[in-house]
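Visitor: Residue strings, one per chain:
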Amino acid sequence: MSIQYVLEIIGTFSFAISGALAVRDQKHQDWFSATFTAFISSIGGGTLRDILLDSYPLVWVRDIAIIYAIVAGVITTFVFYRYLIRLRKTLFFFDTWGIALFTIVGTEKALHLGVRPEIAAIMGVFSAVMGGVIRDVMTNEIPIIYRKEVYATACLAGACCYLLLDKVGVERNTAFIAASLVIIVLRILAVRYQWSVPRFFR
Amino acid sequence: MSIQYVLEIIGTFSFAISGALAVRDQKHQDWFSATFTAFISSIGGGTLRDILLDSYPLVWVRDIAIIYAIVAGVITTFVFYRYLIRLRKTLFFFDTWGIALFTIVGTEKALHLGVRPEIAAIMGVFSAVMGGVIRDVMTNEIPIIYRKEVYATACLAGACCYLLLDKVGVERNTAFIAASLVIIVLRILAVRYQWSVPRFFR
Amino acid sequence: MSIQYVLEIIGTFSFAISGALAVRDQKHQDWFSATFTAFISSIGGGTLRDILLDSYPLVWVRDIAIIYAIVAGVITTFVFYRYLIRLRKTLFFFDTWGIALFTIVGTEKALHLGVRPEIAAIMGVFSAVMGGVIRDVMTNEIPIIYRKEVYATACLAGACCYLLLDKVGVERNTAFIAASLVIIVLRILAVRYQWSVPRFFR
Chain A
1 MSIQYVLEII GTFSFAISGA LAVRDQKHQD WFSATFTAFI SSIGGGTLRD ILLDSYPLVW
61 VRDIAIIYAI VAGVITTFVF YRYLIRLRKT LFFFDTWGIA LFTIVGTEKA LHLGVRPEIA
121 AIMGVFSAVM GGVIRDVMTN EIPIIYRKEV YATACLAGAC CYLLLDKVGV ERNTAFIAAS
181 LVIIVLRILA VRYQWSVPRF FR
Chain B
1 MSIQYVLEII GTFSFAISGA LAVRDQKHQD WFSATFTAFI SSIGGGTLRD ILLDSYPLVW
61 VRDIAIIYAI VAGVITTFVF YRYLIRLRKT LFFFDTWGIA LFTIVGTEKA LHLGVRPEIA
121 AIMGVFSAVM GGVIRDVMTN EIPIIYRKEV YATACLAGAC CYLLLDKVGV ERNTAFIAAS
181 LVIIVLRILA VRYQWSVPRF FR
Chain C
1 MSIQYVLEII GTFSFAISGA LAVRDQKHQD WFSATFTAFI SSIGGGTLRD ILLDSYPLVW
61 VRDIAIIYAI VAGVITTFVF YRYLIRLRKT LFFFDTWGIA LFTIVGTEKA LHLGVRPEIA
121 AIMGVFSAVM GGVIRDVMTN EIPIIYRKEV YATACLAGAC CYLLLDKVGV ERNTAFIAAS
181 LVIIVLRILA VRYQWSVPRF FR
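Protein chains in written order, with the working numbering: chain A, 1 to 202; chain B, 1 to 202; chain C, 1 to 202.
These aren't lab readings, by the way, just hints derived from the structure by calculation. Computed from a prediction, not measured in an experiment: that's the story for all the values here. A hint or two may mislead.
Since the list can't tell identical chains apart, any single copy or any two copies may satisfy a pair.
As the list claims (entries may be wrong) - In silico DSS-like pairs for lysine-lysine, Cα to Cα no more than 30 Å straight-line:
no., residue 1, residue 2
1, K148, K89
2, K167, K109
3, K27, K89
4, K148, K27
5, K27, K167
6, K109, K27
Produce the complete structure using the sequences and hints provided.
Guide: See the structure below:
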């Protein structure tokens with residue numbers, strides 16, 4: 001059991017928590033919709049990436065631990081939600097950690113499947129953000145892509161950083177950690193100093 | 001021509017009717033949008049299942065009868081819609097029959113493709129409800145997953161029942177009928193006695 | 001480099017422009033969301049078609065020129081947008097040209113993959129309109145399918161025309177041009193004389 005695998009399970013678990021919490025604002029929410037939303041949020045991005053790259057079987061179809069990590073996230077949310085919503089900062093770090101991890105894992109996987117770096121970067125960003133986009137579209141929220149936060153852009157920066165370090169021959173684990181830190185630090189700074197991506201139309 | 005095939009065609013036909021009826025509440029509706037919506041509602045769930053399981057060619061790409069069943073459903077809706085909307089109960093039974101059938105057929109197909117029972121249950125539920133979810137997202141409705149009815153949960157119960165009966169060695173046709181009945185009876189009782197799935201957040 | 005390839009690049013470029021322009025009405029828009037929306041609008045339809053037909057690798061995964069055409073479209077929109085929005089007619093012609101091209105290329109590709117003509121027509125229409133539908137769903141717009149314009153219906157007419165000409169043995173380039181013209185002329189006439197597809201429910 002590699003460290004990366006453990007990290008992926010933790011990422012899935014924390015995405016499931018943020019997914020389950022997202023049904024709070026729905027007019028009607030129940031156990032099914034919370035579990036369903038947690039599931040879509042966690043596996044949506046990676047599933048889209050693997051479908052686009054024709055990489056089968058899908059991770060969660062092959063490895064039941066992913067499903068159990070999601071169920072654990074849902075139960076954790078149910079038991080501790082009063083506590084969790086007071087822990088906004090903790091949640092923010094969990095989510096930020098999740099997108100950092102998913103971006104680099106996704107970029108790496110795409111590279112290994114032999115696509116060009118530009119495509120690998122797109123796949124990394126998709127892995128991290130598309131689960132949330134699908135969740136937002138389904139729950140009639142404005143997708144995170146169209147909100148003010150620096151979110152997907154931080155992922156893109158991290159993916160590009162990883163590709164650059166990989167290109168110049170930096171050892172894989174170092175590149176992994178450095179690129180993840182780029183995403184995490186960028187996002188924290190962006191929230192702290194209210195950075196935003198330059199407007200497209202003035 | 002097996003009985004199961006005939007049932008699938010009937011399920012597709014009845015899903016097409018409920019899909020075409022869904023455009024009534026759109027600001028603008030025409031022949032194209034009605035047919036398109038009927039098509040998405042009917043084939044959406046099964047198509048998603050087959051893409052997730054890498055099972056190609058897709059049923060409706062291979063078997064043109066599916067397309068004709070959808071067209072027949074659209075024309076039936078056009079000709080009889082005044083009559084159909086008075087027949088709410090009939091429609092409810094058609095739809096309930098459709099989701100029961102699609103759930104068990106989907107679960108079975110996934111099992112045959114060699115996935116674990118947990119994944120097969122997810123695929124069964126997806127087959128039954130994701131067509132409707134995609135339709136709702138496209139027509140700006142709140143997806144059926146986030147409404148009060150016991151809908152997807154009944155499908156999940158039926159899928160689990162099928163898997164259980166299959167595991168203990170019950171003969172396939174018996175398991176099929178018993179699990180379908182679980183879904184149909186659960187949904188009828190839920191509507192009759194206004195059951196709902198327990199809330200996730202109190 | 002065939003003429004068809006050049007046309008596809010132009011089609012992608014013009015779809016990227018209309019995608020980037022679509023973020024103007026979003027509450028928040030930035031460089032990332034404009035590029036993302038342009039990307040989804042341009043490749044969404046063809047990607048869905050190829051996933052449904054199990055045709056891998058996807059065009060834009062294999063051919064980086066597609067990505068560069070999208071980036072060029074985004075930059076063009078940024079530089080010239082004040083000019084572009086005054087050029088409504090020019091944009092309309094670009095978009096109409098785009099859907100005509102994508103419809104026939106999509107129909108042709110599906111035919112070559114060996115599906116029946118009915119399925120090929122569906123794939124042609126999907127290639128042309130589903131990128132826009134996904135974009136509209138993501139940006140909380142009413143999908144173009146549910147608007148009054150004759151849009152997808154013109155594509156369907158063009159696809160059927162191509163299939164008919166192909167069936168009676170008309171030479172490929174002639175069929176391509178004739179069918180594209182059907183779509184372009186139909187759409188122009190529809191806008192000019194305010195044609196609309198007959199309502200489904202009276």
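Visitor: Now, for every hint given, state plainly whether the structure supports it.
Guide: Hint by hint, here is what the structure shows:
Taking the shortest Cα distances, K148 and K89 sit within 30 Å of each other inside one copy (18 Å), while across copies they are farther apart (32 Å). When the C-alpha separation of K167 and K109 is checked against a cutoff of 30 Å, the pair qualifies only within one copy, where the shortest distance is 15 Å, while the shortest distance between copies is 36 Å. Proximity of K27 and K89 under a CA criterion of 30 Å is satisfied in both settings, with 26 Å inside one chain copy and 26 Å between copies. Taking the closest pair of Cα atoms, K148 and K27 come within 30 Å of each other both inside a single copy (25 Å) and across two copies (9 Å).
In this homomeric assembly, K27 and K167 never come within 30 Å of each other (Cα to Cα): the closest approach is 49 Å inside a single copy and 38 Å across copies. In the homo-oligomer, the alpha carbons of K109 and K27 never lie at most 30 Å apart, since the shortest distance is 38 Å inside one protomer and 34 Å across protomers.
Violation of the numbered hints given earlier is confined to hints 5, 6; the remaining hints are satisfied by the structure.
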